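Visitor: This is what each chain is made of:
Number of protein chains: 2
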Amino acid sequence: MKARLTNINFINPIQIQIQQVEERMRAHTNGYLIELGEAIDHLLTSGGKRIRPAVALLTGGMLGGNPERLVALGASIELLHTATLVHDDLIDGSLMRRGIETLNAKWSPAATVLTGDFIFAQAAKLAAETESVILMKLFARTLATIVNGELAQFFSMRKLANRNDYYQRIYAKTASLFELATQAAAYLSPVGSEVVESVRQLGYDIGMAFQIVDDILDFTGEQATIGKPVASDLRQGLITLPTLLFMEIYPNNSEIEKIIQNNSSSAEDFDRLIESIRASGVIDKAKEEAGRFVDNARLILTAQPASPERDALEELATYIINRSL
Amino acid sequence: MKARLTNINFINPIQIQIQQVEERMRAHTNGYLIELGEAIDHLLTSGGKRIRPAVALLTGGMLGGNPERLVALGASIELLHTATLVHDDLIDGSLMRRGIETLNAKWSPAATVLTGDFIFAQAAKLAAETESVILMKLFARTLATIVNGELAQFFSMRKLANRNDYYQRIYAKTASLFELATQAAAYLSPVGSEVVESVRQLGYDIGMAFQIVDDILDFTGEQATIGKPVASDLRQGLITLPTLLFMEIYPNNSEIEKIIQNNSSSAEDFDRLIESIRASGVIDKAKEEAGRFVDNARLILTAQPASPERDALEELATYIINRSL
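Order-wise, the sequence lines are chains C and A. First residue of the first sequence: 448, per our numbering; consecutive thereafter. First residue of the second sequence: 448, per our numbering; consecutive thereafter.
There could be a bad hint or two in this list.
Copies of the same chain look alike in the list, so a pair counts if it fits in one copy or across any two.
[As the list claims (entries may be wrong)] Straight line, CA to CA, 20 Å or less: simulated EDC-like cross-link-like pairs of lysine to aspartate or glutamate:
1) K553 to D718
2) K620 to D539
3) K620 to D488
4) K606 to E482
5) K620 to E482
6) K620 to D536
7) K553 to D488
8) K584 to D758
9) K584 to D731
These aren't lab readings, by the way, just hints derived from the structure by calculation. Being a predicted model, the structure only gives us computed values, none of them experimental.
The shape of chain C in the complex, shown without the other chains (with noise of 0.2 Å):
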């Protein structure tokens, strides 16, 4: 199986790692139902850029961390990411995810809690396989942080936000996975809590700027690229950074409030307001806040010692901010 990267300069310092990483998630299923294993590899197979592994990966090799523990937190990032995918899916009803079918819609919903949770199960097994009881504490965390913040925005669901709830919601979706990769490598490498802390940080920004761009890719790419309609979260009740900035434009349209909040919306209501957006000028405004984010992790990766790892994160942190669907 390969990697998914390999066209992409920044995994050049860790081309084997990420195939280790793609071997330690499939592998551990044997005495297991075929079935598992067979959802394992399909999950795995239907994409996914594994650039968490990737900024762990860089992340340790950039400290000097253990290449083997490095590896066992890679494949452990990559399946927590994964689990949660397959329990997204199924509270969305998804049935595609990157153009394939989702577990969803291939099995029943009770088969895919269990598959979700099998694959919760394998990421904590991974984790263990660090040694390390910190990085544990730290992924049991992580795991609560980001559940916590998918009920919460299944309860604000069409209630209108501010740019505070907004950062809660993206960082605990997103950002504290990243958080958690750079963070954790620190812990496997030989550095002190200053480097962990720096680090940590750099995460948490490479994060929220991922996050900001997938929310304006929402809203930039076409049905036929994304597999999905054009501002998908927004039809679904979903506030996220280009319709906080054009309401902060508009704050006393009292017309974007009500489709948003009115159940009974129709999708021409939305189609007129997503075209407001987007010819408004936010989507810009949109790429200079997740910027700042990624000038944050320069700043970070300037203070440490040149390496292959750091110029990598380097272009791996323009990679997040440039890319398209």
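Fit chain A to the known structure of chain C by using the hints.
Guide: Leaving out everything else, chain A in the frame of chain C:
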């Protein structure tokens, strides 16, 4: 909050620690959604005899284990059990458990999936608080075993089973967690690998007996007491020990197979079959089978130095075999 075993003698040596387990399970929800803390309170209040933490605490006490870490272990095991019940109730569509509304009845499926996930995270956090990497690995493996077993059970509904299938199923469903309780308690105690193995077997035997008795009570209980129809497992197409023993007496009775495997069997068909099973003497035979596991457990305990905890574990084994609903 009072523990639920205070009127049972075997709890005497661990009164204080059981209260601490109770507190640890409810702690650590600060900073998360209020609804999650409330859901955990609801779930923990709605019952459970804390028999798994009791087994862990008594085993650890018998072996001179670290009291604080044993409390974290006990709380972790009970929360792991609770999380699997939450997802189980969702999968079954159960609205009641032990006479109290399930989360599934109060909440949407989405919120229920996520609450189960959150409780897994809290269980993992408590497992990490034992500060033992080997225990974390056991914890992750046990979760994988339980979930794999549930999925296997899900796939095998309305299929005929043999004794071996049944043992595998109740190991995954119940005995694996009792085994974790005793084995992990031994790892938190100053004992060698022979004692670890011997108390692992103790947990296995207690857990197997526990589930066989549960399966007997499903046949002998009255609907008003157990809150579900008599022999609800069989009515759902799930074959447990009493039915297996009955089929061994009448190996060529295709009538039994037809009722079990036919999706359109009526409640009356099942009533007749269940009455035949209850009248056939297999309930006593099943009790003897549970008794053999308890005898094994007692034999293992006899080899341990005398202590109040050892005596309490003997009482606990007796309680398991004699309990009613």
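Visitor: All the hints need checking, so say for each whether the structure fits it.
Guide: Right, here's what the structure says about each hint:
no.: 1; hint: K553 to D718; verdict: neither (31 Å within a copy, 35 Å between copies)
no.: 2; hint: K620 to D539; verdict: within (15 Å within a copy, 29 Å between copies)
no.: 3; hint: K620 to D488; verdict: neither (24 Å within a copy, 25 Å between copies)
no.: 4; hint: K606 to E482; verdict: between (40 Å within a copy, 17 Å between copies)
no.: 5; hint: K620 to E482; verdict: between (28 Å within a copy, 18 Å between copies)
no.: 6; hint: K620 to D536; verdict: within (14 Å within a copy, 26 Å between copies)
no.: 7; hint: K553 to D488; verdict: within (14 Å within a copy, 35 Å between copies)
no.: 8; hint: K584 to D758; verdict: neither (30 Å within a copy, 35 Å between copies)
no.: 9; hint: K584 to D731; verdict: neither (39 Å within a copy, 47 Å between copies)
The earlier numbered hints that this structure contradicts are 1, 3, 8 and 9.
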